[in-house]
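Peer 1: The primary structure of each chain is shown beneath.
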Amino acid sequence: MIGNTRPLAAPVAGTALLRTTRLTKIFHGDGGTVHAIRGVDLSVARGEFVAVTGPSGSGKSTLLHLIGGLEPPTSGEIWLDDHRIDGLSQARWAVLRRRHIGFVFQFFNLVSNMTVADNVELPALMSGASRRQAKARREELLAELGLAGKTRAAPGRLSGGEQQRVALARALANRPSILLADEPTGNLDSSNSADVLRLLGRVHDQGQAILLVTHEARAACLADRVINLFDGMVADDAAVLPPPRSSLAAAGVVRLTG
Amino acid sequence: MRLPLLALLAKEPAHGYELKSLLEQTFGQAYPSPNIGQIYVTLQRLEQAGLVRSQNVVQATRPNKRVYELTPAGRDALAAWVEEASDEPRVRDDFFVKLVLSPLTGATDRMALINRQRRHYLSLMRGLSRLAAENDRGNKVSRLLIEGAMLHLQADLDWLERCQEEFV
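In order, the protein sequences belong to chains Y and S. Using the numbering used here, the first residue of the first sequence is number 1, and each one after it goes up by one. Using the numbering used here, the first residue of the second sequence is number 1, and each one after it goes up by one.
Extracted from the complex, chain Y is given alone in its bound form:
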């Protein structure tokens, strides 16, 4: 643990890390009223990797924003580590996000006039960690994400894949209870996507709980469980099963028969 970052509460066996009940979100705009989220119950266990898929407009990004406190729900409850968090003030949300929730977005949102190292150290410093602690955690993360040689670089000089890995390091800096990822590979080419997904898989293997919103099956299939959202409601919620051995061959999918 770095500095004064602590879990919200001692883990209680058998309870979910994250839970929403009857969550709704209604947007009132010029075009009328939109029921973006219509009564979503979901849970993420400690260390679990859950993916949310669904067509565009199904509400999957809105759901992630509600859970991350970027927007208030219209009704319903959000619980994290046995604390109800949906009614928190903006200021308390800001503290909670900094310490307990890691965010990765499609567009990396790095601070462009700071170095890679400073971008990754920032969350720890803002949470009250010492410079030495923040530096140690940053070195550990950048080495793990294959960015040890890029510490002094400006984000703008890095490839998209490298920038997303820096964003991932920053999101993990305070050892969040949960990592929320919104289309993290949506802006990357195939090989950079594969790198970022491999790293997501690795942090999950180390026990990190992840809630990933994606329309990409190659990202969703890495999760323990996939929730399909449709019209703001949960249409399906099922574990991803390992495929039968016989259909493992790629040729079985593309029918390469000549």
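Just to be clear, a hint being listed does not mean it is correct.
Part of the chain S face toward chain Y, derived, beta carbon under 8 Å [as the list claims (entries may be wrong)]:
| hint | residue |
| --- | --- |
| 1 | Asp87 |
| 2 | Val91 |
| 3 | Ser102 |
| 4 | Gly106 |
| 5 | Arg110 |
| 6 | Asn115 |
| 7 | Arg118 |
| 8 | Tyr121 |
| 9 | Leu122 |
| 10 | Ser123 |
| 11 | Met125 |
| 12 | Arg126 |
| 13 | Ser129 |
| 14 | Glu147 |
| 15 | Met150 |
| 16 | Gln164 |
Derived by calculation from the structure, the hints in this document are not laboratory data. Don't be surprised by glycine CBs; every beta carbon is placed ideally from N, CA and C.
Chain S: place on chain Y using the hints.
Peer 2: For chain S alone, coordinates are given in the frame of chain Y:
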């Protein structure tokens, strides 16, 4: 199987086992290992059609082997294959027909069918991801085959989503 065998024989004459291992080397582990019986049957048919000819090579210390080579007609068939655009199925007919006709059967609703199919595709995608991770990075053919399979699956899932939007 017919045309890949002709293509391998275009370079030099070979016997059945050589063709089998050439296929394996070329396509890597993403391609299901060809069955040697199937290769021999195909070679026989190609010979009957006049596209290859074979001769028995006597070996002193091992059993004789039958070596195949292309005939001029085989070379023409191969050239025609290479030159024509490949017409391949684009839609998963079986699932789609099931989805369209399912209300008649009363057995299950469309949402359940779509969910089951999505789970199946995701599970296949997981298999491909694992295969890609295990794949020898140096084998470009195998890597492209896996990538092609993943892109096809993604298209199937996107289309499933469209079916969900229109039918459910």
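Peer 1: Now tell me, hint by hint, if it's right for this structure.
Peer 2: Here is what the structure says about each hint:
Against a cut-off of 8 Å between C-beta atoms, the interface hint on Asp87 of chain S is violated, since the closest Cβ of chain Y lies about 13 Å away. The beta carbon of Val91 of chain S comes no nearer than 12 Å to any beta carbon in chain Y, farther than 8 Å, and the hint placing it at the interface is violated. Annotation: interface hint on Ser102 of chain S violated; nearest CB of chain Y at approximately 17 Å, more than 8 Å. Hint status for Gly106 of chain S: violated, given a least beta-carbon distance of 21 Å to chain Y, over 8 Å.
A least Cβ separation of about 11 Å between Arg110 of chain S and chain Y goes past the 8 Å threshold, and the interface hint is therefore violated. Satisfaction of the interface hint for Asn115 of chain S is found here, the shortest Cβ-Cβ separation to chain Y being roughly 4 Å, below the 8 Å cut-off. Because the beta carbon of Arg118 of chain S sits about 7 Å from the nearest beta carbon in chain Y, less than 8 Å, this interface hint is met. Checking Tyr121 of chain S against chain Y: minimum C-beta separation of about 7 Å stays under 8 Å; hint holds.
Given the 8 Å rule on beta carbons, the hint for Leu122 of chain S holds: about 5 Å separates it from the nearest Cβ of chain Y. Contact between Ser123 of chain S and chain Y, as hinted, is supported at the beta carbon level, the nearest pair being about 5 Å apart and thus within 8 Å. Look at Met125 of chain S: its Cβ gets to within about 4 Å of chain Y, closer than 8 Å, so that hint holds up. Among the interface hints, the one on Arg126 of chain S holds; its C-beta lies about 4 Å from the nearest C-beta in chain Y, closer than the 8 Å criterion.
Interface restraint check for Ser129 of chain S: the shortest CB-CB distance to chain Y comes to about 6 Å, inside 8 Å, so the restraint holds. The interface hint given for Glu147 of chain S holds, since its Cβ lies 7 Å from the closest Cβ of chain Y, which is under the 8 Å cut-off. A cut of 8 Å between beta carbons decides the hint on Met150 of chain S: the least distance to chain Y is about 6 Å, and the hint holds. With its C-beta approaching chain Y no nearer than about 6 Å, Gln164 of chain S sits inside the 8 Å limit, and its interface hint holds.
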